[in-house]
Amino acid sequence: MAGDAPDRQINIKGLVCPYTFVKAKLAMEAMEIGQVLEILLDYEEASRSIPKSMEDHGQKVLKVEKVNDTDWVLLVRKDKD
Amino acid sequence: MDFTDDQLMRYSRHILLPEVGGKGQARIAQAKVFIVGAGGLGCPVGYYLAAAGVGTIALIDNDTVEMSNLQRQIAHSMQTIGMPKVESAKKTFEALNPDVNVVAIQKRISKDNILDLIRDYDIVVDGSDNFPTRYLVNDACFMARKPLVSGAILRFEGQVTTIVPGEGPCYRCLFEEPPPPGLVPSCQEAGVLGVLPGVIGGLQATEVLKLVLGKGEVLKGELLIYNALKTSFRKVKVPKNPFCALCGESPTITELTDYEQGYCSM
Ligand SMILES: [Zn+2]
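So the protein sequences, as listed, match chains R and F. When the first sequence is numbered by my numbering, its final residue is 81 and no position is left out of the sequence of numbers. When the second sequence is numbered by my numbering, its final residue is 347 and no position is left out of the sequence of numbers.
Just so you know, these hints were derived from the structure itself, not from any lab. It is possible that some hints are incorrect.
[Said to hold, decoys possible] If you want the ones that stay clear, here's a sample from chain R, every Cβ over 12 Å from chain F, calculated:
id : residue
1  : A5
2  : R48
3  : S53
[Said to hold, decoys possible] Think about it this way: if two alpha-carbon atoms lie no more than 25 Å apart in a straight line, the pair counts; the simulated DSS-like pairs of lysine-lysine are:
id : chain 1 : residue 1 : chain 2 : residue 2
4  : F       : K113      : F       : K192
5  : F       : K104      : R       : K60
6  : R       : K80       : R       : K63
7  : R       : K80       : F       : K113
8  : F       : K291      : F       : K301
9  : F       : K291      : R       : K80
10 : F       : K296      : F       : K227
11 : F       : K104      : R       : K80
12 : F       : K227      : F       : K188
13 : F       : K192      : R       : K52
14 : F       : K311      : F       : K296
15 : F       : K321      : F       : K291
16 : F       : K318      : F       : K296
17 : F       : K296      : F       : K321
18 : R       : K13       : R       : K52
Quick reminder that beta carbons are idealized off the backbone N, C-alpha and C, glycines included.
Based on the provided sequences and hints, a complete structural model is requested.
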């Protein structure tokens with residue numbers, strides 16, 4: 001995903017649902033359309049539920065990647081206010 | 082608005098809603114709502130608005146808590162019998178949510194104090210159960226241009242409507258004059274199912290939150306009638322009355338009046 005360097009990064013390791021998505025959503029709200037948010041998390045369920053919820057809210061999920069034994073990195077582009 | 086961790090947890094189920102989010106929750110935190118009456122309707126309205134995180138909630142009521150209130154006035158308890166209702170409710174709401182500033186006003190609302198009292202508030206909720214107060218609150222909200230969420234309950238039936246000044250009818254367009262006192266049941270005969278104000282107050286609190294958020298549609302120009310025995314909701318369209326004495330083309334009411342008391346107050 002060249003050209004999609006994140007505009008903002010959040011680390012929500014240690015958080016569980018629903019706070020994982022609450023934090024991600026609040027970060028997203030504070031960004032401009034077209035900007036990309038990078039989310040670092042270690043709660044497995046959230047690696048599936050956050051991308052789904054982001055899509056439901058009209059955002060574009062660019063990447064979901066397991067980066068090591070415990071962590072995932074998501075890239076989400078803000079398409080909708 | 083930066084939320085504390087506690088606030089983030091408390092309001093998470095709001096923040097998750099696309100229609101609310103962090104921005105909507107911040108609007109709720111800044112909202113100032115004035116509730117007339119700390120009885121059957123005022124209790125659930127204030128309780129849910131406190132839970133929702135409404136920043137400032139004012140309550141006005143002159144009465145003290147009695148045993149016969151506890152069947153429906155859910156902010157009061159055995160521990161607060163004899164206490165002013167507004168103080169009792171303030172204790173309950175603040176125990177639920179310390180974010181909320183509850184302003185307790187132990188007074189009778191009148192033509193001489195109402196405009197000063199509501200001046201700093203965004204939205205007024207009428208939870209009174211007597212016609213004189215309902216007309217007074219309607220007239221004052223029209224003059225001060227404040228949105229008013231009006232509710233009423235009797236026996237098994239309740240009504241809700243939202244009056245937005247300058248848009249649609251006012252309470253006097255719906256009910257031109259108070260009924261003669263003989264037609265309104267006296268206190269001894271006026272029963273009410275205890276859960277009914279919970280339904281109607283819940284609807285009123287919902288209207289308030291939608292006004293604060295600017296989302297959805299409120300009951301503007303519509304009267305919602307709930308019948309608890311039949312479990313039926315009926316919406317009646319109510320047009321603006323061009324001859325309304327308050328908001329019509331040639332109004333005759335240009336100042337506030339206190340109607341004769343002596344109606345049953347529930
Ligand atoms: Zn009118």
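Each hint tested on the structure:
| no. | hint | verdict |
| --- | --- | --- |
| 1 | A5 | 25 Å, holds |
| 2 | R48 | 16 Å, holds |
| 3 | S53 | 8 Å, violated |
| 4 | F:K113 <-> F:K192 | 21 Å, holds |
| 5 | F:K104 <-> R:K60 | 21 Å, holds |
| 6 | R:K80 <-> R:K63 | 18 Å, holds |
| 7 | R:K80 <-> F:K113 | 30 Å, violated |
| 8 | F:K291 <-> F:K301 | 12 Å, holds |
| 9 | F:K291 <-> R:K80 | 21 Å, holds |
| 10 | F:K296 <-> F:K227 | 18 Å, holds |
| 11 | F:K104 <-> R:K80 | 14 Å, holds |
| 12 | F:K227 <-> F:K188 | 21 Å, holds |
| 13 | F:K192 <-> R:K52 | 55 Å, violated |
| 14 | F:K311 <-> F:K296 | 30 Å, violated |
| 15 | F:K321 <-> F:K291 | 22 Å, holds |
| 16 | F:K318 <-> F:K296 | 21 Å, holds |
| 17 | F:K296 <-> F:K321 | 23 Å, holds |
| 18 | R:K13 <-> R:K52 | 19 Å, holds |
In terms of the numbered hints stated before, the structure departs from hints 3, 7, 13 and 14, listed from lowest to highest.
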